[in-house]
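2 protein chains.
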Amino acid sequence: MSGFKNQREYFRHLRGLGPLPEGFRAGTTSFTFMPAERPSEEPYRMDLSAVVLDEPTDVFAGAFTRNAVPGAPILIARERIGKPRMQGVLINNRISNVAASGGRATAERLAAEAGRLLGIDGSLLFPSSTGIIGWALPETEMTAALPDLARNLGGDPRRDGLPLDIARAIMTTDSFPKIRVRSIGAGRIMAIAKGAGMIEPNMATMLVFILTDLDIPRDVLREVLVQSLDGGFNAISVDGDQSTSDMVLAFSSRRFPVELGDFRREFIGLCRDLSLDIVRNGEGTGHVMEISVSGDADADFLRMIGRAVGNSPLVKTAVYGNDPNVGRILSAVGDCAGNAGRSIDSRRLTISIGGHRVFADGVFTISRETEEILAGYLAEQSQNPRISGYPQNDNLVKIAIDLGGEGGKAERIYASDLGHEYVSENADYRT
Amino acid sequence: MSGFKNQREYFRHLRGLGPLPEGFRAGTTSFTFMPAERPSEEPYRMDLSAVVLDEPTDVFAGAFTRNAVPGAPILIARERIGKPRMQGVLINNRISNVAASGGRATAERLAAEAGRLLGIDGSLLFPSSTGIIGWALPETEMTAALPDLARNLGGDPRRDGLPLDIARAIMTTDSFPKIRVRSIGAGRIMAIAKGAGMIEPNMATMLVFILTDLDIPRDVLREVLVQSLDGGFNAISVDGDQSTSDMVLAFSSRRFPVELGDFRREFIGLCRDLSLDIVRNGEGTGHVMEISVSGDADADFLRMIGRAVGNSPLVKTAVYGNDPNVGRILSAVGDCAGNAGRSIDSRRLTISIGGHRVFADGVFTISRETEEILAGYLAEQSQNPRISGYPQNDNLVKIAIDLGGEGGKAERIYASDLGHEYVSENADYRT
Numbered sequence: 340m341s342g343f344k345n346q347r348e349y350f351r352h353l354r355g356l357g358p359l360p361e362g363f364r365a366g367t368t369s370f371t372f373m374p375a376e377r378p379s380e381e382p383y384r385m386d387l388s389a390v391v392l393d394e395p396t397d398v399f400a401g402a403f404t405r406n407a408v409p410g411a412p413i414l415i416a417r418e419r420i421g422k423p424r425m426q427g428v429l430i431n432n433r434i435s436n437v438a439a440s441g442g443r444a445t446a447e448r449l450a451a452e453a454g455r456l457l458g459i460d461g462s463l464l465f466p467s468s469t470g471i472i473g474w475a476l477p478e479t480e481m482t483a484a485l486p487d488l489a490r491n492l493g494g495d496p497r498r499d500g501l502p503l504d505i506a507r508a509i510m511t512t513d514s515f516p517k518i519r520v521r522s523i524g525a526g527r528i529m530a531i532a533k534g535a536g537m538i539e540p541n542m543a544t545m546l547v548f549i550l551t552d553l554d555i556p557r558d559v560l561r562e563v564l565v566q567s568l569d570g571g572f573n574a575i576s577v578d579g580d581q582s583t584s585d586m587v588l589a590f591s592s593r594r595f596p597v598e599l600g601d602f603r604r605e606f607i608g609l610c611r612d613l614s615l616d617i618v619r620n621g622e623g624t625g626h627v628m629e630i631s632v633s634g635d636a637d638a639d640f641l642r643m644i645g646r647a648v649g650n651s652p653l654v655k656t657a658v659y660g661n662d663p664n665v666g667r668i669l670s671a672v673g674d675c676a677g678n679a680g681r682s683i684d685s686r687r688l689t690i691s692i693g694g695h696r697v698f699a700d701g702v703f704t705i706s707r708e709t710e711e712i713l714a715g716y717l718a719e720q721s722q723n724p725r726i727s728g729y730p731q732n733d734n735l736v737k738i739a740i741d742l743g744g745e746g747g748k749a750e751r752i753y754a755s756d757l758g759h760e761y762v763s764e765n766a767d768y769r770t
Numbered sequence: 340m341s342g343f344k345n346q347r348e349y350f351r352h353l354r355g356l357g358p359l360p361e362g363f364r365a366g367t368t369s370f371t372f373m374p375a376e377r378p379s380e381e382p383y384r385m386d387l388s389a390v391v392l393d394e395p396t397d398v399f400a401g402a403f404t405r406n407a408v409p410g411a412p413i414l415i416a417r418e419r420i421g422k423p424r425m426q427g428v429l430i431n432n433r434i435s436n437v438a439a440s441g442g443r444a445t446a447e448r449l450a451a452e453a454g455r456l457l458g459i460d461g462s463l464l465f466p467s468s469t470g471i472i473g474w475a476l477p478e479t480e481m482t483a484a485l486p487d488l489a490r491n492l493g494g495d496p497r498r499d500g501l502p503l504d505i506a507r508a509i510m511t512t513d514s515f516p517k518i519r520v521r522s523i524g525a526g527r528i529m530a531i532a533k534g535a536g537m538i539e540p541n542m543a544t545m546l547v548f549i550l551t552d553l554d555i556p557r558d559v560l561r562e563v564l565v566q567s568l569d570g571g572f573n574a575i576s577v578d579g580d581q582s583t584s585d586m587v588l589a590f591s592s593r594r595f596p597v598e599l600g601d602f603r604r605e606f607i608g609l610c611r612d613l614s615l616d617i618v619r620n621g622e623g624t625g626h627v628m629e630i631s632v633s634g635d636a637d638a639d640f641l642r643m644i645g646r647a648v649g650n651s652p653l654v655k656t657a658v659y660g661n662d663p664n665v666g667r668i669l670s671a672v673g674d675c676a677g678n679a680g681r682s683i684d685s686r687r688l689t690i691s692i693g694g695h696r697v698f699a700d701g702v703f704t705i706s707r708e709t710e711e712i713l714a715g716y717l718a719e720q721s722q723n724p725r726i727s728g729y730p731q732n733d734n735l736v737k738i739a740i741d742l743g744g745e746g747g748k749a750e751r752i753y754a755s756d757l758g759h760e761y762v763s764e765n766a767d768y769r770t
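Order-wise, the sequence lines are chains H and C. So that you can map any letter, position 27 of the first sequence is 366 in the numbering used here, and since no number is skipped, the others follow by simple counting. So that you can map any letter, position 15 of the second sequence is 354 in the numbering used here, and since no number is skipped, the others follow by simple counting.
So that you can see chain H by itself, here it is in the shape it has in the complex:
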């Protein structure tokens, strides 16, 4: 399945996930601690999780934030991604281990100790962290929690609820757990994500862990992961910010044969579905926009235009208010192109909203009647942003922009709107 029309379908999807792919084990634990940086406050809760393969694998891949001041886990992962084999990941939420003194050594010690308790080489684990920037990991408390984590990893690895437990344990301000799964023959691809929740001095960090028991070569997995990014995890935008900790990791336990074409298609489709779950999860998201841009041979330029429209605060607030505001879309397109030193022939440019043509031949083609129809269309695509928790539908506000030149296929960007709930979530935490 790729979509869901209502919450009931989303719940059915979560209930029908099945166990982890074969050859993987996972576990989670939680504890509270008093952060040194905020001594007078209530205790903080941290979840600690691990996903490991039964044996080390040479089939693993990763993609990491391009942020120029990345966190310690990213610095370690960039090194370990070049190793011949890896065996899993150790994950914590609450503190991201970015810009904290000695953060790198702490992460390495925790992975070593987790490995010792699990009977595997700790340098074969990727550390992965999300949460507050600038604070130190509570190493003492985390170390004390590792034996419990190791015990939980010793439970039944085929338990149906295990994937959902992991998805819940890596959440920070996420409003619902995000997992997608696809089957090919006897094997499966399962992807677990957190992302797009923003609160406290925290980032919209995206963590994605993709587990498969399908046997593909290492270079195929690495190639397919890169291919999946443009239409998937790199095509989404909530704030326009790329966090210091974004990380996508994929592992194969190599249990079942698969046609490479099938694997590629299902892997890319799964990543796109999960990307949409992440955008929909943005705190206070009322609408998800699909901005499709065509009519130029330069795919990078098409994506840049889509991103400019999706990141424009004026477009985002208009969509939030169910306002089919053609002027703001037009201006964002022209602003982006102008800044990039590219000209646009406005007589060949067309813009549509929800399939209705609203701009052509250099002028608005929206009547008062169409405007009312489109305001209704926008309202129909919305979720109530005041109802948090599981998504109410998988509707998209479709904005199509054709630049009018020669070009291949359309590029698509997915973006959230911007409303009062976003401001409250991101500004009001001290009140």
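I should point out that these hints are in silico values taken from the structure, not numbers from a laboratory. Even glycine gets a Cβ: it sits at the ideal position worked out from N, Cα and C. Some clues are possibly wrong.
[As the list claims (entries may be wrong)] Derived, one-sided and incomplete: chain H residues facing chain C with beta-carbon distance under 7 Å:
1) Ala407
2) Ser440
3) Gln581
4) Gly660
5) Gly677
6) Ser685
7) Thr689
8) Arg707
9) His759
[Unchecked claim] Which stretches of chain H does chain C cover? Using the computed rule of at least three CB atoms under 8 Å from a CB of chain C, they are:
10) 362-376
11) 392-406
12) 546-558
13) 662-669
14) 691-705
Got chain H; can you put chain C on it based on the hints?
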């Protein structure tokens, strides 16, 4: 004067403007019309204004939006800026004449008719429009209003209230009139602006008209105008959007001699002051940030970093909430540099807020105590965004970023915060 500590000082500034510089006349009128695009609504009000020189001048200059789908007035102005002489500008608010059928011919006919009534060549007038995108100018009603405008231009050109009348007549959703003036010897430079008000299908259009009776050569005026942009009108950001209609025009009536160095210094200072007025005027602005970036030889890169911080919705909402959120600033810096393919040595990077060092040597240097001091600092710099109208102070939230490399002077960007009032202003117009 360049600053004002409270509303009383701002009112004193407005009362002390004096008349237009010598050699200029101005007038304004207003009328209502029923827009064809929204037949069932209330009548709309439009203000129509003109500022003209007593004789055509060869000393004029202009800077225009780089938006790739500009409005008809911009297309006409880009041509007329190359003419040997010009004599003034005809300005309307309410409708921006962008992407409207036949918009260019309409603007040219209106300028021709205004010129005929004023006894000057209409092709020596720049048309200038701001307001709703996509609608046609109400040409019939505007033409009918031109005789009244011409009569008003026949009044006393030395009247003290005239500059303020023009500043008020070009406002759209601006919350206060914006004028700055500087004297050098017997002559003056006066600049009148609108901008940064956003509502309806309207853009944050900035219009600036700079009038001087100081006698400088044409090429000096053009050069100084370009020099003023980097630290002035190009250094400000409310939405990150550049509208389809942004326009800066400058004219000299060449009445009084001036040292070119004096002129340059006062002109650039005046443009910076007026730029800050425009940011402060953003609907719902609670804080104005001054983001100063140093430590790299590439000034464009420094400005790009400053803009990324000032445009980050996460930084903007944190500042709105008086939250000294170092993580979001750090992440915005790293995100921008990473996307530009530039590395940052985080051990040499420093960040300060309000003069307090909050990041150095790769780690946060903010204690719980400093955090409370800085939250207080942010609150002190704020205006109450719920009180519209004249600005309550000229305070700035000072964020200083040093990239740690070799570099010359700091580049400064000025940006507004983002809060509930911004969302209401931009999303709720249908309610």
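Status of each hint after checking the structure:
1. Ala407: Since chain C brings a Cβ to about 4 Å from H:Ala407, closer than 7 Å, the hint holds.
2. Ser440: Since the shortest Cβ distance to chain C is 5 Å, the answer is holds.
3. Gln581: With Cβ-Cβ at 4 Å, under 7 Å, it holds.
4. Gly660: Holds, about 3 Å.
5. Gly677: holds (4 Å)
6. Ser685: holds (5 Å)
7. Thr689: Nearest chain C Cβ about 12 Å off; hint violated.
8. Arg707: Since chain C brings a Cβ to about 6 Å from H:Arg707, closer than 7 Å, the hint holds.
9. His759: holds (5 Å)
10. 362-376: violated (count 1)
11. 392-406: This one holds; 3 residues, not fewer than the three required, reach chain C with a Cβ under 8 Å.
12. 546-558: violated (count 0)
13. 662-669: holds (count 6)
14. 691-705: Coverage by chain C holds for the region 691-705 of chain H (5 residues, Cβ < 8 Å).
Hints 7, 10 and 12 from the earlier list are contradicted by this structure; the remaining hints agree with it.
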